[in-house]
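Q: Sequence:
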Amino acid sequence: LQQMRVTILGSGTSQGVPVIACECPVCQSTDENDKRLRSSAMIDLGDKKLIIDAGPDFRTQMLRAGVKDVTALLLTHEHKDHIGGLDDIRAFNWVKNGEVDIYCNQRTKDVISKDYDYAFAAFRYPGVPDIPLQEIEIGHAFSIHHTEVVPLRVMHGRLPILGYRIGRLGYITDMLTMPEESYEQLEGIDVLIMNALRIAPHPTHQNLEEALKAAERIRAKETYFIHMSHDMGLHKKVEKELPENIHLTYDGMEIIF
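Its first residue numbered 1111, the sequence shown is counted upward by one per residue in the numbering used here.
Because the hints were derived from the structure by calculation, they are not lab data. Virtual Cβ for every residue (Gly too), placed ideally from N, Cα, C. What you were told as hints is all true, and nothing was included just to trick you.
Label-pair ranges, simulated between beta-carbon atoms:
{"id": "1", "residue 1": "THR1170", "residue 2": "CYS1132", "range": "13 to 21 Å"}
{"id": "2", "residue 1": "PRO1289", "residue 2": "PHE1252", "range": "19 to 27 Å"}
{"id": "3", "residue 1": "ASP1225", "residue 2": "THR1287", "range": "26 to 34 Å"}
{"id": "4", "residue 1": "ARG1217", "residue 2": "PRO1313", "range": "14 to 22 Å"}
{"id": "5", "residue 1": "GLN1244", "residue 2": "GLY1362", "range": "27 to 35 Å"}
{"id": "6", "residue 1": "LYS1346", "residue 2": "GLU1247", "range": "37 to 45 Å"}
{"id": "7", "residue 1": "PRO1311", "residue 2": "ASP1154", "range": "33 to 41 Å"}
{"id": "8", "residue 1": "PHE1252", "residue 2": "ASP1220", "range": "16 to 24 Å"}
{"id": "9", "residue 1": "GLU1326", "residue 2": "PHE1233", "range": "50 to 58 Å"}
{"id": "10", "residue 1": "GLU1326", "residue 2": "ALA1251", "range": "22 to 30 Å"}
{"id": "11", "residue 1": "ASN1355", "residue 2": "PRO1311", "range": "21 to 29 Å"}
{"id": "12", "residue 1": "GLU1326", "residue 2": "ALA1232", "range": "50 to 58 Å"}
I would like the entire structure built from these sequences, with the hints used as guidance.
A: In structure tokens, the structure reads:
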């Protein structure tokens, strides 16, 4: 089996942590693990790099992780905390003198074409990013550098978005619920990275209790929670209370399996 290395580029929710102007104990914490950029992950496939989501912190994340080239970008959905940094893909266009493959569903494709209309114009201003969007569909597997990627249906409240199974890895963000077939498609994974927003219930995201139930059902060998808000509490405290094979992620965390 090919070894996989996953780097958590960002473990926070849409506002990040600390939240602007917030004085709660988490936002005031000096623990680096309580400082969370918007959710994103990088998967190393040999010398190829696959990135999931490109939010407003994309530039910072690429610089912090020392990324020199990106093979492909997988997008989960069209919300700004997941696509807000797409313009910065132009740095990689310049480095490789070519495109970075970007995979998303139709709805995300439509929003990107509107939000970044200058990248799709008939006259493209010099230096605009290449954003070649490849539309993918639920359950239709495709391959990136000999690794199978399966897009899964995830419900973000009432909005249908994408999760991914990438080899032995499951990656799910912004989930409130998931249909039966998505659970089936995740059977037998070794590592699950999944959202857990906070302690209290939320109308469009799993809270900690719901995430623990979903993790128990999927039964990956190890589960890592992502997309956390300041209302999750202090990293050190919450981490201690979790089952042995379930962990909170933090920015810069590496998972090798």
